[in-house]
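Colleague: If you read the protein sequences in the order shown, they are chains A and B.
For what it's worth, the working numbering labels the leading residue of the first sequence as 1, then goes sequentially.
For what it's worth, the working numbering labels the leading residue of the second sequence as 1001, then goes sequentially.
The hints are simulated quantities; they were obtained by calculation from the structure and are not laboratory data.
Since we're looking at a predicted model, the values are computed, not measured.
Among the hints, a few may not be true.
Here are the computed distance ranges between Cβ atoms for each label pair [claimed, not checked]:
| id | chain 1 | residue 1 | chain 2 | residue 2 | range |
| --- | --- | --- | --- | --- | --- |
| 1 | B | D1010 | A | E217 | 55 to 65 angstroms |
| 2 | B | R1019 | A | S431 | 21 to 31 angstroms |
| 3 | A | Q306 | B | Y1031 | 41 to 51 angstroms |
| 4 | B | D1042 | A | Q158 | 21 to 31 angstroms |
| 5 | A | D101 | B | R1060 | 22 to 32 angstroms |
| 6 | A | K378 | B | D1010 | 55 to 65 angstroms |
Per the computed footprint, the stretches of chain A lying under chain B, defined by three or more beta-carbons under 8 angstroms from a beta-carbon of chain B, are [to be verified]:
| id | segment |
| --- | --- |
| 7 | 144-152 |
| 8 | 195-209 |
| 9 | 302-311 |
For each residue, glycine too, the CB sits at the ideal point set by N, CA and C.
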Amino acid sequence: MLQPDTKPASLMVDGGLCVRNFVRTSDGSEQLDLGACVENPALLRTTLGHFALHQTTADGTHLLARDLLGVNKLFYAIGEDGVPHCSNFWFELIRSGFSPDAIWSLPSGHFAVLECGRSRLRLERYASLTFGEDQEFSELDLERHVRCIQNRFCEVFQAIRDWSANQRIYISLSGGLDSTGIAVLTREHLGDFTAVAFAVADCAEGSSTSEDLIVAERVARELGVRLKTVVASREQVLESLDLALLYGQDWREFNVHCALVNVAVGRAIRQDHGACHSAVPPLLLTGDVMNELMADYAPVTYSGKQFYLLPRLSAGHLRRVLVAGLDSGDREIGIMRSFGIDEIQPYALCAPAYAALPGSWLSKPRAKQALAQAIFGKRIPEYVYARPKTRAQEGSSSTGTGTLTVCIDEGIDAHWLKRRFGELFCIDPSSLQRFIRGGFYRFDTSGKK
Amino acid sequence: MILNAQPVADQLAAFVRERFQISASDANFTYDVHLWEQSYVDSIGVLEILAFLEGQFGVRIPEDALFEEDRASINGLAGLVAQLSAEVENGKQLYVT
């Protein structure tokens, strides 16, 4: 059965939808009336944010909605009382007594209606991302897209500024391009923040020689912000596995390895923020989702084996499935919630602008760097543009030590993760393919319109 | 063009056998076997199958197909493609180039 001591002592997940919703409607409101949205789905299409919402109308109709990319998760089960019991966390509903087969996810970009007396929700997609088709792409076209993205960033950060008043801001800074872009924008639009950089210890005394840390330190120094360095020991990484599985809501290696990084980052932020004795939760901004939007993923080889395999698809098609796959896995928001930290992913909020880029252009060498240079220019230092791709779970090129290597060295492979996830959730590991398939959490197709 | 399910099924079966290296002597691999539950195809493979069907037959497979159990076999997917091709013909669905 679920082990209550896997939860950090500082967190009480009370059930229900506890992940704070970040909402900005087209008229500038932070409140979204789902009743009005059902009548006019365009209201949802024009709403900016990460949200998982459950509202009840005066006549007892239940309305649910989830943001376009599915950044916030929404699971539900219909109780014997005919009421949908909702939670951001799958394990909460299992702990409430629902069997895994009775629990559904509301897919990303959907709203749902459960009328009084009915037993199944009616699901309807309110929006989809429009992905740019393969086509000729001139410098002029690039300039147009860049302006669109820059304008969108202004809108997004204005909304974040309004929403996050009085919150202490943190940025997850890896020393790579994506997080540096967020750091630069945050400095410009929101002012001061604390950067957090992660590495796995590769020295006997528990420190790290990671080049990623060195670059992160330099970026933070040049931006004039404080940097908190998190160096996790191998033991600390391994001790975080159950938390990563439970709150990351996934057993797949890439997402678990990411979640392990984020457990360390979340713990460090919570400790750092706790020192200032503020009742207002901290806010973390990350560079997440950019890799999906630019299809910037590649398998990794370690110990003679390939990890993080990808489907063999064109760059444009790969982008589409990677973005759709954001529906499942909670390696960031869920993990940060376990530490009482709000998180916003600015690139996710700019997804429509990025998705409009032609798919064929993505496969151009260093397309991502070219796009970032057009958007950010000299605001991002040349030494960051020139770096090879960094991923905290792989470890930097200088150390080769990351959460992936720690896990594999200890025999914690894909099979182990599936088995442990099954143990935590009391599910036969062989049936896990029923719960995440093609990048989606299991949803009820019988109610789909 | 409205597609007939049988040739779709044959092409899909050939793709799955080749891509996922299913032995010709595997008697369990039929056109009605549940591809995901019987572990012939993993979560990455699901996406490749859908991409193959979209590219080969010019239809957009909806995400619902992932969790419709009657679409989890060669025959099930072929039937879906035939249905979708009819919808394209009738102007109900956008043609996927």
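Colleague: Would you mind marking each hint as holding or not holding in the structure?
Modeller: Checked hints:
1. D1010(B) to E217(A): 55 to 65 angstroms: Holds: the Cβ-Cβ distance is about 60 angstroms, inside 55 to 65 angstroms.
2. R1019(B) to S431(A): 21 to 31 angstroms: Holds: the Cβ-Cβ distance is about 24 angstroms, inside 21 to 31 angstroms.
3. Q306(A) to Y1031(B): 41 to 51 angstroms: Distance hint for Q306(A), Y1031(B) is violated at roughly 31 angstroms.
4. D1042(B) to Q158(A): 21 to 31 angstroms: violated, 43 angstroms
5. D101(A) to R1060(B): 22 to 32 angstroms: Roughly 29 angstroms apart at Cβ, these two residues keep to the hinted range, so it holds.
6. K378(A) to D1010(B): 55 to 65 angstroms: holds, 58 angstroms
7. 144-152: With 0 residues closer than 8 angstroms to chain B, the segment 144-152 of chain A misses the three-residue bar; violated.
8. 195-209: violated (count 0)
9. 302-311: With 3 residues in contact (Cβ-Cβ under 8 angstroms with chain B), the coverage given for the segment 302-311 of chain A holds.
Violated hints for the displayed structure, listed by number in ascending order: 3, 4, 7, 8.
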